[in-house]
Amino acid sequence: MLKNIQEWTLLLVIFGISSLFGNWLGYGIPVLDAVPGMIILILICLAGFILNSVLPFSFPSVAYIAIIGILVSTPWTPGTEVVAAWTSQVELLALTTPILAYAGISIGRSWADFTRLGWKTIIVASLVLLGTFLGSAVIAEVVLRFTGVI
Amino acid sequence: MSKEKAYGLWKNWKLHTIVFLIVIVAESIGQFEFSVGPGVVLLLPMLYAIVIGLIVFFSPLAGEQDARDAEPLLVLGVALLLAKIGVIIGPSLPEIIAAGPALLLQELGNLGTIFLALPIAVWLGLKREAVGMTHSVAREPNVGLIMDRYGIDSPEGRGVMAVYIFGTVFGAVFMGLIAGLIASVTPLHPYSFAMASGIGSGSMMAAASGSLIGVFPEMEEGIIAFAGASNLLSLSTGLYVSIFIGLPLTEKLYSWLERRKGEK
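Residue numbers (my numbering), protein chains in the order written: chain Z, 192 to 341; chain V, 1488 to 1751.
No lab work stands behind these hints: they were computed from the structure.
In this text the structure is predicted, and so the values were computed from the model without any measurement.
Accuracy of the hints is not assured; some may be wrong.
[Said to hold, decoys possible] Once the Cα atoms are required to be at most 27 angstroms apart in a straight line, the calculated BS3-like pairs of lysine-lysine come out as:
#1 LYS311/Z to LYS1748/V
#2 LYS1614/V to LYS1748/V
#3 LYS311/Z to LYS1739/V
#4 LYS311/Z to LYS1614/V
[Said to hold, decoys possible] Okay, the calculated bits of chain V under chain Z, using three or more residues with CB under 8 angstroms as the criterion:
#5 1555–1564
#6 1651–1661
#7 1713–1719
Every residue gets a Cβ at the ideal spot worked out from N, C-alpha and C, and that includes glycine.
Take these sequences, add in the hints, and give me the full structure.
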């Protein structure tokens, strides 16, 4: 368990460093300004991983992480202004760039399978992605209008 | 994730340095946009990052082992992303609750895969593969469902794997390119597209909502909150929607389409 926490922390910190530099170069937020927010995000992740390995339910750790993130920042929880202020210094897009950089390297392994897919598959697979995107957007639009949210 | 007992990934300094450099290059290039007819296509740093990453894999810089080590890092990165999404959802919780009915019902929009892609697949001459391919967006839980129902070596299994591979390699790029474009040419509200971005894959959601933010920067918080909430819902309900509605519906529509084709 301790060894796990140590490993997770190290990896999250490594990932965080790449993000913080991207956050600075891409979105003009000085590295030091974003450090407190990044530490909060890392702590939320660690709490989620720990809950996931301690609790007996089979519930994905990402779900714990999102829920903890929500709980520490709701308007009904005291002291959450600090969390919001600090984490707002870490841009969402600065987190996605390193994710996709690791993704690019790791999908290299699937590339051979990918090139074997025929053109029909590629058309159908594109329509699958397009279909869920359009389907959800149309339903969301109708219900949002109907319930007066937009 | 926690089941993985791969210790010492942090020692792969070469991989982390490569990613660090990719991030520096990608963010320094910055965001570009160009118009396609009435729409806007956004090129975000994350798109350069995935392309450079892929090029690095085929260069002598990185090898098979680096690609294997990159995978858990990807999961950790998505964890950080979800923590960030969580702290954005938190303050907007009253709005999210107000939009609750829309969030829940748009999950059924994931069945759009069937209505749009299945007729085309049958028309292109695909057989039972089409059932595996189009019953859902084919992320991990759905691959599991099809394998369980039809077996790994079945045509349905090959179909779901094909779409899974396509989504893994090309999904984020595809969603990143089309989300902003479609949102800028259609009259639907950006929040509707934000909810549609949450299709149950962290990287696809990030790419789609990222390009929405690029087109509608003034709605950033709302877009992230709705995309994140929708993605969580997709992760938790998606499999059940597939089991009880998606897959039976695909089977019905497939046999109807095949019969109609036979009659012609």
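Hint by hint, here is what the structure shows:
1. Proposed proximity of LYS311/Z and LYS1748/V is supported: the alpha carbons are some 18 angstroms apart, at most 27 angstroms.
2. Of the supplied pair hints, the one linking LYS1614/V and LYS1748/V holds, its CA atoms being roughly 12 angstroms apart against a limit of 27 angstroms.
3. About 22 angstroms separates the Cα atoms of LYS311/Z and LYS1739/V, which keeps this hinted pair within 27 angstroms; it holds.
4. Restraint check for LYS311/Z and LYS1614/V: satisfied, since their Cα atoms lie roughly 12 angstroms apart, inside the 27 angstroms limit.
5. Coverage of the stretch 1555–1564 of chain V by chain Z holds [criterion: at least 3 residues with CB-CB distance below 8 angstroms; count 8].
6. Here's how the stretch 1651–1661 of chain V fares: 9 of its residues keep a CB closer than 8 angstroms to some CB of chain Z, so the rule of at least three is met and the hint holds.
7. Coverage of a stretch by a chain is defined here by at least three residues with a beta carbon nearer than 8 angstroms to that chain's beta carbons; for the stretch 1713–1719 of chain V and chain Z the count is 3, and the condition holds.
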